[in-house]
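Engineer: Sequence:
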Amino acid sequence: MDNAIYIATTHNCAANLAGEAYLLGQEYDHILYLWVNDPCIVIGRFQNPFSECNLEAMEKDHVQLVRRQSGGGAVYHDQGNLCFTFVGKKDVSSKEENFKIVLDALRSLGIEGELSGRNDIVMQGKKISGNAFQTTKDKFCHHGTLLVNSDLSVMGNYLTPSSSKLASKAVKSVASRVGNLQQAKGDIEMKMVEDALIVAFCKAYGPTEIEEIDFLNFPESQRDFHLFGDKETILSKTPQFSHAISHRYSWGEATVHLDIIKGVIETARVYTDCLDTNLVPQIEKCLNSVPYRKEALQAVVDIEQDERVLELVSFLISQL
Numbered sequence: 001m002d003n004a005i006y007i008a009t010t011h012n013c014a015a016n017l018a019g020e021a022y023l024l025g026q027e028y029d030h031i032l033y034l035w036v037n038d039p040c041i042v043i044g045r046f047q048n049p050f051s052e053c054n055l056e057a058m059e060k061d062h063v064q065l066v067r068r069q070s071g072g073g074a075v076y077h078d079q080g081n082l083c084f085t086f087v088g089k090k091d092v093s094s095k096e097e098n099f100k101i102v103l104d105a106l107r108s109l110g111i112e113g114e115l116s117g118r119n120d121i122v123m124q125g126k127k128i129s130g131n132a133f134q135t136t137k138d139k140f141c142h143h144g145t146l147l148v149n150s151d152l153s154v155m156g157n158y159l160t161p162s163s164s165k166l167a168s169k170a171v172k173s174v175a176s177r178v179g180n181l182q183q184a185k186g187d188i189e190m191k192m193v194e195d196a197l198i199v200a201f202c203k204a205y206g207p208t209e210i211e212e213i214d215f216l217n218f219p220e221s222q223r224d225f226h227l228f229g230d231k232e233t234i235l236s237k238t239p240q241f242s243h244a245i246s247h248r249y250s251w252g253e254a255t256v257h258l259d260i261i262k263g264v265i266e267t268a269r270v271y272t273d274c275l276d277t278n279l280v281p282q283i284e285k286c287l288n289s290v291p292y293r294k295e296a297l298q299a300v301v302d303i304e305q306d307e308r309v310l311e312l313v314s315f316l317i318s319q320l
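Per full-length UniProt numbering, the sequence shown starts with residue 1, numbered consecutively.
Keep in mind the hints are simulated off the structure, nothing from the lab.
Restricting the straight-line Cα-Cα distance to at most 25 angstroms, the calculated cross-link-like pairs of lysine to any residue (SDA-like) are: (1) Lys237 / Asp259; (2) Lys90 / Ile210; (3) Lys139 / Ile7; (4) Lys231 / Tyr22; (5) Lys127 / Met192; (6) Lys294 / Ala57; (7) Lys294 / Tyr271.
Please construct the entire structure, taking both the sequences and the accompanying hints into account.
Structural biologist: Right under this line is the structure:
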């Protein structure tokens with residue numbers, strides 16, 4: 001069999017996912033790809049970042065937003081989390097074989113993991129690995145995570161949306177109890193887990209050469225970077241959703257109902273007890289066709305002169 005092992009040297013998640021897409025097109029029977037990311041939130045292909053993430057907190061803390069091509073829920077990555085990818089020809093690959101390699105690697109470190117549900121690995125009742133799958137015409141891609149010593153305390157800062165009431169047709173994440181491998185093996189290090197996976201892969205498929213690769217500066221992955229890491233591209237691929245925001249302003253109470261399509265406010269409707277009947281159409285007009293982004297709404301604030309409209313739009317900005 002013709003096999004390959006790649007280790008990413010960059011910690012940019014979008015670049016590493018673009019690299020994974022590149023590897024999906026390579027003619028190997030089996031590929032093991034190992035990668036570690038800087039802090040980021042990775043959402044599934046059909047998820048809504050507005051309902052999954054606290055975008056304001058992420059921007060403040062420089063946590064990258066990334067959309068992968070596989071399904072599943074939103075997850076937090078940092079340099080305490082090892083990502084692994086198996087790419088193989090469909091006729092010689094299966095998730096069962098891949099899971100066996102991961103479990104064998106853990107067992108070699110003295111850690112007993114077990115499969116749970118369709119795509120998780122648990123240890124002592126806590127989820128240590130989430131997995132997702134993607135199939136092309138002739139390839140099977142299985143990627144997953146292994147929480148080694150990740151900072152689990154900050155996950156809730158970024159995976160809890162700050163918005164008030166949001167209705168979306170997108171896939172929702174399922175909350176899980178998560179844990180680190182460090183809880184079972186106090187002296188564990190990332191390199192130990194990488195080495196264990198490599199040994200288990202070679203045991204399954206034979207000795208394989210290891211190649212380090214920088215996908216941030218690799219031409220083929222640079223070409224596809226925007227698909228995974230460009231914020232405008234990610235938000236434009238957001239499934240249609242609606243967002244209703246209620247608040248009491250100095251001029252009255254109002255609920256703003258926004259229909260968002262491809263990340264743009266398609267329709268704004270305002271319900272209020274304000275006595276000025278001219279205010280509602282004024283607000284709706286200034287919001288329609290505006291990208292649902294802080295920067296775009298701030299541009300509305302910069303040119304709007306009515307203090308009541310400024311107050312409302314400023315509050316909308318605070319909810320993003």
